[in-house]
Structures are given as C-alpha cells and as structure tokens.
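There are 2 protein chains.
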Amino acid sequence: MPSEKIRLHIENARRKAGIFHITPERWAAASARHPALAGRLDVTLGWDADILEGALETAQIMIGVPSHREHLQRRAPHLRWLHATSAGVDGFFPLDWLPRGIVFTNNHGAHGVKAEQYMRMALTMLHTRMPRIIANQRERRWQQVFTPSIAGKTALIVGLGDLGEGAARAARQLNMKVLGVRRRAKKSRHADAVYPYTELDALLPLADCVVLAVPLTPETHHLLDRRRLDLLKPDAGVINIARAPVADYAALCEKLRRGELAGAILDVADPEPLPADSPLWDTPNLIITPHISCDDGEQYIDISLDLWFGNLARFLAHKPLKHRVGRKLGY
Amino acid sequence: MPSEKIRLHIENARRKAGIFHITPERWAAASARHPALAGRLDVTLGWDADILEGALETAQIMIGVPSHREHLQRRAPHLRWLHATSAGVDGFFPLDWLPRGIVFTNNHGAHGVKAEQYMRMALTMLHTRMPRIIANQRERRWQQVFTPSIAGKTALIVGLGDLGEGAARAARQLNMKVLGVRRRAKKSRHADAVYPYTELDALLPLADCVVLAVPLTPETHHLLDRRRLDLLKPDAGVINIARAPVADYAALCEKLRRGELAGAILDVADPEPLPADSPLWDTPNLIITPHISCDDGEQYIDISLDLWFGNLARFLAHKPLKHRVGRKLGY
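Chains as they are written, first to last, in numbering that gives the first Met the number 0: chain A, 0 to 330; chain B, 0 to 330.
Watch out, some of these pointers could steer you wrong.
The list makes no distinction among identical chains, and a pair is therefore deemed to hold if it is satisfied within one copy or across any two copies.
[Stated by the list, open to error] Once the Cα atoms are required to be at most 20 angstroms apart in a straight line, the calculated SDA-like pairs of lysine to any residue come out as:
| no. | residue 1 | residue 2 |
| --- | --- | --- |
| 1 | Lys15 | Leu44 |
| 2 | Lys15 | Gln142 |
| 3 | Lys327 | Asp234 |
| 4 | Lys232 | Phe308 |
| 5 | Lys318 | Pro93 |
| 6 | Lys15 | Phe145 |
| 7 | Lys15 | Val144 |
| 8 | Lys176 | Asp295 |
| 9 | Lys232 | Ala201 |
| 10 | Lys15 | Trp141 |
| 11 | Lys176 | Gln298 |
| 12 | Lys15 | Arg140 |
| 13 | Lys186 | Gly258 |
| 14 | Lys15 | Gln298 |
| 15 | Lys15 | Gln143 |
Bear in mind the hints are in silico, worked out from the structure with no lab data behind them.
All figures in this text were calculated on a predicted structure; none of them were measured in a lab.
Work out the full structure, taking the sequences as your base and the hints as a guide.
As structure tokens, then:
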C-alpha cells in the first residue's frame with residue numbers, strides 16, 4: 000500500500016546550539032517546500048528523549064542519533080533508516096550498536112558553501128600573516144609585514160569531501176595551485192591534481208598551506224603528526240576544519256612556539272569547548288575559531304532538510320540512499 | 000632628433016620600506032622587459048638626494064617626488080614629467096610647488112590585485128565576526144558565533160578607483176550585493192549600482208559593510224563622520240583602506256566601545272606608525288592592519304615600473320599621459 004504513511008521520528012538535543020534544532024517551524028517550512036514527500040510522512044518530534052521510547056516503537060525513519068543507542072533493534076523494531084544531522088560521525092563509532100538492517104546516513108552536502116567562504120578567509124589570513132599582525136596589535140606594535148600576491152601559492156587539501164571540495168573551490172578562486180589528497184585518487188573539478196595518501200609525504204614540502212578536511216577515522220588519527228609537520232616549509236600554514244585529532248596539536252604548537260611555521264588556524268579542538276587552561280589559546284601565530292567554519296548560522300537546518308528530502312525520495316522509490324556511512328570506512 | 004636620449008632621474012627614499020625601493024636590479028629587470036623604451040633613456044638613480052641636485056639640472060623625467068620641492072622650476076629647468084610611486088598623493092598637496100609646465104602622475108593601477116585579496120579577507124572576517132572571536136581567544140573563551148552565508152549581504156564601496164574596484168571585485172566574488180559611490184556616477188563592471196556622493200546618506204543604512212577607498216582630499220576629509228556613522232545598522236562593519244582622516248576614528252571607536260557596530264578593520268592610521276599609546280589598539284571589535292592591504296610585497300616595483308613604461312610610450316609619442324594628478328581634484 001504505497002499510500003500508507005511512513006513513520007518518521009525527529010530527535011533533537013537541547014545541548015546542541017540552536018541553529019541545529021529541527022524546530023516545528025523549520026520542519027513545517029521544509030515540508031512546505033516538499034509537500035508531496037512530506038505528505039507521505041507521519042511525524043513525531045521530540046527533545047532530549049522526552050517521547051523517544053514510544054516513538055521508536057513505530058518509527059521507520061529517524062532523524063537525529065539518540066544519545067543512548069543500546070538495544071536499538073529491540074527498542075526500534077521497524078527502524079530502517081537513521082540519519083545524522085552532522086557530517087562527521089566519528090562520535091558514533093564503532094557502529095556495534097547499529098543493527099544490520101538499518102541504513103545510517105550523514106549530512107553530507109550541508110557544509111560546503113560556508114566551508115568555501117571560511118577557507119577563502121583563512122587561506123588569505125595565513126598568507127597575509129594575520130596571526131602575527133593580530134599579535135602585534137595586542138602589543139601595540141605597528142610593524143609592516145608585506146606579502147606578495149597569493150596567486151600561484153600552493154594549497155594542499157587533505158580530504159576532498161564536502162569540506163575539502165569547498166576548500167578547493169576557495170583556493171582555486173584565489174588563483175592558488177590546488178593539490179588534493181583523497182583515498183581514491185579520482186579527479187576533482189577544483190584541484191590541479193589529486194593524489195592518494197601514499198603520496199602525502201612527498202606533497203607536504205610543496206605546500207604553502209595544508210588544509211585538513213578529512214573525516215576522523217582510525218586511519219586519519221594524527222595523520223599530520225610530528226614527522227609530517229617537519230616536512231612542511233618553515234613559512235607554511237596549517238588549517239584544520241576537520242576534527243582535532245587529525246593533527247598532533249602538541250607537536251603543532253611546539254613548532255609554532257619555535258617559529259618553524261608561519262601560522263595555523265584551527266576551527267576544531269579536543270575537547271570542545273576548549274578548556275580555559277589549554278595551551279592552545281596563547282600559542283603564537285595560532286588563531287582558534289570555535290567550530291564555526293562550516294555551519295550556516297541561519298539556514299543550516301533548511302539546507303539539511305532539503306538534502307534529507309532528496310534522500311527521502313530515493314527511500315520511497317526503493318533506491319539506494321546517498322551519503323551512507325560505511326562501517327569499515329568509518330565515515 | 001627622436002634618437003636623442005631622454006634624461007630620467009629616479010629618486011629613492013631609504014625611510015620607505017624596501018619593497019618600495021627602485022633598486023638598480025629592479026630597474027634593470029624592468030628595462031629588460033621593455034628594451035626598446037628603456038633604450039631611449041639616459042638614467043641616473045639616487046638615494047636620499049645624494050645626487051639629486053646635479054641630476055635635476057638635466058632631468059626631463061623624474062620618478063619619485065623629492066622631499067624638498069622648493070624652487071623646482073629653477074632647480075630642474077628641463078623637467079616635464081614627475082611621477083609619484085604611490086597612488087595616494089594627498090601628502091604632496093597643495094601643489095603650489097609644482098611648476099605649471101610639469102605633468103604630475105601617480106601610481107594608479109599598482110594596488111588593485113592586492114586590494115582585492117585583502118578585501119575578500121576583510122569582508123569575510125567582519126561577516127564571520129572574527130574581531131569578537133579573536134577577542135574571545137585572548138580571554139580563553141570558547142563561544143560559538145554562528146553566521147549565515149555572506150552571499151546577498153550588501154557591501155557599500157565608497158570610491159571606485161583602483162582600490163575601490165578591487166574591493167568591488169572581491170565583494171562580487173563573495174556574491175554580495177555591491178553598491179558603489181563615486182564622484183561621477185558612471186557604471187562599474189563589478190557593482191550592481193553606482194551613485195553620486197549626494198546619495199551617500201541614503202545608502203549607509205543599507206550597508207552590511209562600508210568600505211572606504213577614496214583619495215583623501217578636502218572633500219573626503221571626515222567623509223564618514225559621527226552623523227553618518229550613526230546611519231549605519233548596528234551589525235554593520237567598516238573597512239578603511241584609503242586614508243585615516245576619511246573617517247572620524249574617534250567617533251568610530253566610541254561606537255565600537257558602545258557595541259553599536261559589529262566591527263571594523265582599519266588598514267590606515269594617522270599618524271603612521273600608529274603610536275603605542277593610541278586608543279585604537281585596544282578598541283573592542285577593531286582590527287588594525289599596518290597599511291599592508293594593497294602593496295605587493297615582492298612585485299610592487301615590478302608592477303609599478305611596467306605601468307610607468309606604458310606611460311613612457313605615451314610620453315614619447317606626445318600623447319597625454321594617464322593617471323595625471325588633478326590640481327583641483329586633489330588626486
């Protein structure tokens with residue numbers, strides 16, 4: 000009976016920032032943009048598990064990964080599709096809690112526009128030596144630091160997913176040379192060349208700026224470690240919009256303190272919020288932004304739900320869903 | 000006798016930063032790029048007036064405005080063309096020292112590429128609320144400040160010369176709405192609309208960011224004064240890449256201290272270097288860059304000399320020179 004309604008439960012967490020809440024108003028607005036698809040749904044919307052257990056008994060689809068995921072098979076016997084409203088799903092691994100019959104998708108595609116805008120800014124800030132200029136301001140020191148054009152400088156983008164492609168578009172717009180590294184070395188429209196990870200050590204000495212945009216998995220943990228940081232040029236910059244453990248921050252800070260890098264801009268920390276006593280805060284030539292690089296402050300949920308509705312159309316048509324999280328891949 | 004050599008004197012000032020020095024090496028490189036034109040010249044090159052008086056006796060063209068400009072007619076009886084290696088010539092006004100028969104040109108065109116790059120950064124920094132994020136880092140405070148896409152926000156560019164057009168290109172690339180203000184309200188390729196100065200008061204309330212890119216003249220002194228600052232939206236930003244006196248910095252700082260603007264980025268101060276006791280240094284949500292927005296740190300002289308050789312071809316062909324400084328206009 001194709002006209003039978005599909006049970007969807009939407010689960011919100013109040014601890015998340017407001018821009019990530021699927022409020023009744025935002026859901027209604029998204030439904031109005033996709034009326035035919037929305038009409039197929041029977042929806043419940045909960046906060047901090049207030050109605051979660053009852054909703055799970057009938058839910059076939061769920062948006063928002065619950066905090067307590069034990070015994071999901073028994074608690075949600077009809078669940079076939081679980082969708083995370085984040086792109087990074089490293090916090091949900093290992094997926095031993097995920098029953099085999101449930102497809103798990105992430106929010107791929109919701110972050111590229113803001114990532115591109117942030118990266119245009121961050122690449123130019125490092126090239127312009129803004130970390131040093133900002134430190135000089137703090138010390139009331141007028142010291143001219145002239146820099147050449149950024150055109151022709153080399154950006155090395157590690158990971159070419161939604162964020163990495165945004166970074167590549169940004170670098171390309173700045174007329175930088177764009178080198179990409181990804182697991183499968185297929186071409187990218189925005190990179191001059193794309194390499195597999197086995198080439199990373201050979202590429203690092205060429206970079207004027209390294210951009211970390213990979214998912215955090217056991218393979219990418221401390222990908223930019225002390226040894227690889229030492230392969231960078233002394234006037235290179237580092238930008239991390241991925242996850243903090245992708246780089247060895249202790250080694251990075253040591254190099255910055257010794258003046259062995261031009262600067263770094265880190266949008267991610269571990270843990271977040273970064274504690275007040277972290278040595279990161281006052282590391283020289285380091286700028287910390289509070290995990291704001293890639294999330295649209297007004298339309299994050301609008302963008303996310305539009306992408307989700309695109310996947311719902313595939314679900315209803317029994318097509319394979321897009322942006323499935325790979326159990327082995329880790330993202 | 001068209002084959003007779005033209006006497007050119009190049010005058011350097013050591014007090015200027017090295018990127019602005021026309022060294023013998025840079026002159027030789029530029030001559031090699033323009034061999035036919037360079038072959039017409041008989042060149043002397045001096046530093047801090049070491050050979051100035053002797054050179055002036057025969058010079059027909061001079062690059063670099065001398066510090067002491069009295070009695071130029073008598074000291075340089077053959078001088079027909081004087082070229083400033085800066086774009087802003089407000090420091091040389093009034094032109095009462097300039098004999099009528101000498102054409103005075105400025106370095107228009109040498110700053111647009113860097114201006115565009117700086118403006119992409121500065122517009123995005125203000126939109127992303129980087130002044131607040133940087134202040135938070137100083138206080139070791141992780142506080143997420145989310146912002147929407149910059150696309151569709153309005154940049155109001157005051158002055159559409161070399162710098163202003165660079166700013167307009169930057170804003171257009173960010174998919175901002177670009178409004179321009181210029182003396183003669185002719186169209187600009189990079190602005191959605193261009194208005195005369197009489198419309199400025201009506202435009203200020205529409206701006207998400209105001210960019211000052213006008214020459215400093217008696218007409219533009221304190222153009223952005225207290226009254227006009229009060230016409231801005233409380234979440235607007237201000238960027239100055241022109242000259243400090245174009246804005247009333249005291250009024251601007253008061254507004255920033257009261258939280259009546261989102262932020263400001265000032266690349267110019269008065270005086271420069273900005274003294275350590277200036278209240279600007281620690282005004283909240285204000286970022287100061289040390290007059291580095293528009294000067295290429297490697298190729299400034301290469302770019303400048305290539306433009307100058309273009310004008311030399313016009314000089315030799317008895318065509319009117321480009322980028323003549325207007326006595327009444329003030330730039």
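Going through the hints against the structure:
In this homomeric assembly, Lys15 and Leu44 come within 20 angstroms of each other (Cα to Cα) only inside a single copy, at 16 angstroms, whereas the closest approach across copies is 65 angstroms. With identical chains, the CA atoms of Lys15 and Gln142 are at most 20 angstroms apart between copies only, with a shortest distance of 13 angstroms across copies and 41 angstroms within one. Proximity of Lys327 and Asp234 under a CA criterion of 20 angstroms is satisfied in neither setting, with 37 angstroms inside one chain copy and 46 angstroms between copies. Neither within a single protomer nor between protomers do Lys232 and Phe308 lie at most 20 angstroms apart by alpha-carbon distance, with minima of 45 angstroms and 37 angstroms respectively.
Taking the shortest Cα distances, Lys318 and Pro93 never come within 20 angstroms of each other, neither inside one copy (26 angstroms) nor across copies (75 angstroms). Taking the shortest Cα distances, Lys15 and Phe145 sit within 20 angstroms of each other only across copies (13 angstroms), while inside one copy they are farther apart (41 angstroms). Taking the closest pair of Cα atoms, Lys15 and Val144 come within 20 angstroms of each other only across two copies (13 angstroms); inside a single copy the shortest separation is 40 angstroms, beyond that limit. For the homomeric pair Lys176 and Asp295, the shortest alpha-carbon distance between copies (19 angstroms) is at most 20 angstroms, but the shortest distance inside one copy (27 angstroms) is not.
Taking CA atoms no more than 20 angstroms apart as the test, Lys232 paired with Ala201 passes inside one copy only; the shortest distance there is 12 angstroms, against 50 angstroms between copies. In the homo-oligomer, the alpha carbons of Lys15 and Trp141 lie at most 20 angstroms apart only across protomers (14 angstroms), although the nearest pairing inside one protomer, at 41 angstroms, exceeds that limit. Within a single copy, Lys176 and Gln298 get their C-alpha atoms only as close as 31 angstroms, which misses the 20 angstroms cut-off; across copies the closest is 19 angstroms, which meets it. Within a single copy, Lys15 and Arg140 get their C-alpha atoms only as close as 40 angstroms, which misses the 20 angstroms cut-off; across copies the closest is 18 angstroms, which meets it.
Proximity of Lys186 to Gly258 under the C-alpha cut-off of 20 angstroms is found in neither arrangement, the shortest distances being 35 angstroms within a copy and 48 angstroms between copies. In this homomeric assembly, Lys15 and Gln298 come within 20 angstroms of each other (Cα to Cα) only inside a single copy, at 15 angstroms, whereas the closest approach across copies is 48 angstroms. Proximity of Lys15 and Gln143 under a CA criterion of 20 angstroms is satisfied inter-copy only: 11 angstroms between copies versus 42 angstroms inside one chain copy.
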